[in-house]
Every structure is written in structure tokens, then in C-alpha cells.
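A.B. asks: Sequence:
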Amino acid sequence: ADASSPAPSLDAQDEMPKEADSSAIADAATYPSDCPSPRRPYHVLLTASSGQYQFWQTRIFHHHYLRMRAMDRCGEVGGFTRLLTLPEGRAEDSLSDEMRTIVVAELKKGEDLGFVVLNRPHSVVVALGRGDLVIPEEYILVCETDHLFLKVIPNLASADEAVGYPFHYMVPTRNAITRAIVRKFAGEAFYSQVQQVGPSPVLMTFSSLRRVASEWEDVSFALKRDAEADAEFGWMLEMWGYSVAAAKVGIRHKLLNDFQVESSSQFGNDITKNGVPNYYILHYTFSHEYSAEGVAMLDSKHGDWQFDKRQYQRVLPRSLPPPPRCVFEGAWTLWQLLHDAIVALPDWPDGAF
Numbered sequence: 001a002d003a004s005s006p007a008p009s010l011d012a013q014d015e016m017p018k019e020a021d022s023s024a025i026a027d028a029a030t031y032p033s034d035c036p037s038p039r040r041p042y043h044v045l046l047t048a049s050s051g052q053y054q055f056w057q058t059r060i061f062h063h064h065y066l067r068m069r070a071m072d073r074c075g076e077v078g079g080f081t082r083l084l085t086l087p088e089g090r091a092e093d094s095l096s097d098e099m100r101t102i103v104v105a106e107l108k109k110g111e112d113l114g115f116v117v118l119n120r121p122h123s124v125v126v127a128l129g130r131g132d133l134v135i136p137e138e139y140i141l142v143c144e145t146d147h148l149f150l151k152v153i154p155n156l157a158s159a160d161e162a163v164g165y166p167f168h169y170m171v172p173t174r175n176a177i178t179r180a181i182v183r184k185f186a187g188e189a190f191y192s193q194v195q196q197v198g199p200s201p202v203l204m205t206f207s208s209l210r211r212v213a214s215e216w217e218d219v220s221f222a223l224k225r226d227a228e229a230d231a232e233f234g235w236m237l238e239m240w241g242y243s244v245a246a247a248k249v250g251i252r253h254k255l256l257n258d259f260q261v262e263s264s265s266q267f268g269n270d271i272t273k274n275g276v277p278n279y280y281i282l283h284y285t286f287s288h289e290y291s292a293e294g295v296a297m298l299d300s301k302h303g304d305w306q307f308d309k310r311q312y313q314r315v316l317p318r319s320l321p322p323p324p325r326c327v328f329e330g331a332w333t334l335w336q337l338l339h340d341a342i343v344a345l346p347d348w349p350d351g352a353f
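If you count the sequence shown from 1, position 101 lands on 101 in the numbering used here, and the numbers rise without skipping.
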């Protein structure tokens with residue numbers, strides 16, 4: 001790897017201030033007096049669990065949220081809330097001093113049916129039910145810790161239509177088994193309304209989130225208890241819980257291919273055009289593997305340079321090496337966004353991962 005080789009620049013990203021004032025967490029209702037109106041601000045809700053693995057991801061996510069908000073002082077990016085699930089007896093982490101945090105007790109072993117992701121819909125239901133999740137905005141953007149903002153997201157939703165991403169692995173008609181399961185849990189009346197969408201990222205009215213939350217939790221638990229659905233949907237099960245629930249409560253989504261990109265060494269690598277990002281969010285869920293010459297390693301082959309978030313269970317090291325010069329743009333963009341946050345954030349450790 002050539003550490004001195006410059007990463008491709010995201011022009012819009014480069015215009016963002018390197019340090020963002022934490023006052024950007026203030027209510028979305030507080031805008032400079034010279035900002036034009038009307039505006040339709042949305043709140044950013046980050047669902048997160050405890051532990052070092054999501055701790056470092058949360059810090060990076062929040063850093064880029066602040067940068068996105070600071071980039072357009074009159075924009076529609078509003079306030080921020082972290083919805084954190086904590087095991088019984090564990091104290092809150094230090095990030096609660098940096099960002100608004102709502103804590104919900106994590107489902108106990110057995111209660112989660114052996115699938116910890118069920119805590120996501122459960123925590124939303126609890127936070128809403130307790131009256132903790134109260135926001136001044138009429139819209140809300142639901143995100144996960146491994147999301148990175150590539151450019152400012154305007155309010156793409158409307159009162160009648162949410163906005164989601166069409167996951168290629170979430171097609172309700174993909175095979176006979178999936179069709180049968182979706183029909184079983186959605187019912188004949190709503191089967192045809194199920195979309196290839198998950199609960200994150202999704203931009204919707206706050207009232208829509210309130211309307212879908214309990215059904216999302218109920219369907220997700222029901223799918224997990226169903227042996228056939230559990231085997232067919234696997235790690236995607238809670239996502240299917242949302243898509244079925246949304247159909248049942250009448251939420252429709254405008255599916256935008258440019259809402260996010262899930263880049264890897266195999267696909268999703270044309271990140272920019274003429275220096276401007278093609279997408280709003282980069283989701284770093286898949287791994288990147290390259291040879292020292294920048295050749296993509298496919299079919300599970302290991303390369304000289306790799307990045308997989310799962311390798312860094314405790315911390316993402318400050319000395320994270322850049323990829324080889326000739327890798328796809330997706331790898332460079334991911335490294336650049338992670339590196340920018342690590343350098344800008346105070347007291348970032350460089351310990352073992």
C-alpha cells in the first residue's frame with residue numbers, strides 16, 4: 001500500500017468543517033433568523049446497543065451527523081437522539097454526556113429468543129410508550145451505527161409517503177418460500193403491499209413511526225418463533241418484520257436507490273460523479289479485500305489490505321492504514337470518512353482491536 005497516495009476527494013465533504021460545534025444537537029426548531037421558510041426538519045434517531053464495538057461506530061456516526069448539519073445552516077437536518085439498549089446492571093457509557101441518549105433495558109437472555117436484533121423494535125416501542133422519545137420535528141430519520149453520511153440529506157419524505165432503500169435481498173417474491181411466509185404473516189389483504197424495504201435507513205413522519213412500532217415488534221417476534229421463517233430470513237428477520245408491519249399499518253415507501261450504498265470489493269463502488277456523491281449514506285456492512293496492487297479479491301479470497309468492521313470489536317485504531325492506490329472508489333471513500341472522524345475526535349485510542 002502507498003500510504004502517501006491521496007484518496008479521491010469528495011468535494012462536498014471537503015467543504016464541511018473539520019470540527020463541528022456540539023451545539024448542533026439543539027432543537028431543530030432553532031434556526032438562524034435569516035433562514036428562508038418553509039422548512040420540514042427531521043430528527044435523526046440512531047439505534048444502538050452497548051459495548052465497545054458500537055461505541056466507536058456511534059462516535060464516528062455522530063461526528064458525521066454534526067458535519068452534515070453544519071454544512072447547511074438552513075437545512076432540514078434537525079436534532080439527534082441515540083436510542084441505547086443496555087443489559088441489566090450496566091452503567092451508561094460516556095457518550096451520554098456528548099449526545100442526547102434514551103436508555104432502554106436490553107431484553108434478557110431468553111426474552112430475545114436468541115436474536116439480539118429484536119432489541120431494535122422493542123426499544124422503539126418502550127421509548128415511545130414511556131414518553132421518552134419526544135421530538136419537536138414532524139419527521140424522523142432512523143439510522144444504524146454503521147451508516148456514514150456522504151452528503152446533506154434533504155427531507156425526501158412526505159406526509160403520505162416514507163422513504164426507504166430497496167435492499168436487493170429483501171424482495172418479497174424472490175422465491176416460493178419467501179412468498180408463502182410473507183403471505184402468512186401479512187395476510188391476503190396486505191400481501192401485495194409488502195415492499196423490499198427495511199427499518200433503516202428510513203425517513204418518515206414521526207406519527208408513522210408511532211403507528212408501525214408495535215406491529216414491527218410483534219411481527220418480528222412472530223417470525224422468530226416460526227421455524228420456517230427463522231430459517232429462511234436469518235439475520236434479515238427483523239428487517240422483514242418491519243416490511244410486513246409497514247404494509248399492515250398502511251405505510252408506503254418511495255424506494256430510492258441513491259438513498260444509500262452498500263459498498264464492498266465486489267459492488268457499489270461508483271461513489272461520486274464529478275466529485276459529488278451519488279448517494280446520501282454509505283453503509284459499511286460488507287467487507288473490502290484487495291491485493292497490494294489494488295486488485296479486488298472475490299469469492300472469499302483474502303487480500304493484503306482489508307476492512308471489515310467485525311474485525312474491530314474494541315476500537316478502530318487511529319493508525320488505520322489507507323487502501324492501495326488503485327482500489328475501487330468505495331474503499332477509498334470509506335477509509336477517508338473513517339479516518340477524518342478518527343483524526344478529528346478527541347482522545348481516540350490507538351489500542352489493540
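The hints are simulated quantities; they were obtained by calculation from the structure and are not laboratory data. These numbers were taken from a predicted model, which means no experiment stands behind them. Even glycine gets a Cβ: it sits at the ideal position worked out from N, Cα and C. Do not rely on the hints blindly, as some may be mistaken.
Calculated lysine-lysine pairs in the BS3-like style (CA-CA distance at most 25 Å, straight line) [what the hints assert, rightly or not]:
#1 Lys224 to Lys248
#2 Lys273 to Lys254
#3 Lys248 to Lys109
#4 Lys151 to Lys309
#5 Lys273 to Lys151
#6 Lys248 to Lys108
#7 Lys224 to Lys184
#8 Lys151 to Lys248
Ranges of calculated distance between the beta carbons of each label pair, as one might list FRET restraints [stated by the list, open to error]:
#9 Pro32 to Val116: 18 to 28 Å
#10 Lys108 to Ser214: 15 to 25 Å
#11 Ala227 to Arg252: 25 to 35 Å
A.B. asks: Could you run down the list of hints and mark each one as holding or not?
C.D. replies: Do the hints match the structure? See the list:
1. Lys224 to Lys248: 18 Å, holds
2. Lys273 to Lys254: This hinted pair holds, its Cα atoms lying about 23 Å apart.
3. Lys248 to Lys109: 29 Å, violated
4. Lys151 to Lys309: Judged against 25 Å, a Cα distance of about 22 Å means the pair holds.
5. Lys273 to Lys151: With Cα atoms ~13 Å apart, Lys273 and Lys151 stay inside 25 Å; holds.
6. Lys248 to Lys108: With a Cα-Cα distance of about 28 Å, the restraint between Lys248 and Lys108 is violated, given a limit of 25 Å.
7. Lys224 to Lys184: Holds, because 14 Å separates the two Cα atoms, which is no more than 25 Å.
8. Lys151 to Lys248: The hint is violated at about 33 Å.
9. Pro32 to Val116: 18 to 28 Å: For Pro32 and Val116 the Cβ distance comes to about 42 Å; the hint is violated.
10. Lys108 to Ser214: 15 to 25 Å: With Cβ atoms ~20 Å apart, the hint holds.
11. Ala227 to Arg252: 25 to 35 Å: Roughly 31 Å apart at Cβ, these two residues keep to the hinted range, so it holds.
The structure fails hints 3, 6, 8 and 9 (numbered hints given earlier, in ascending order).
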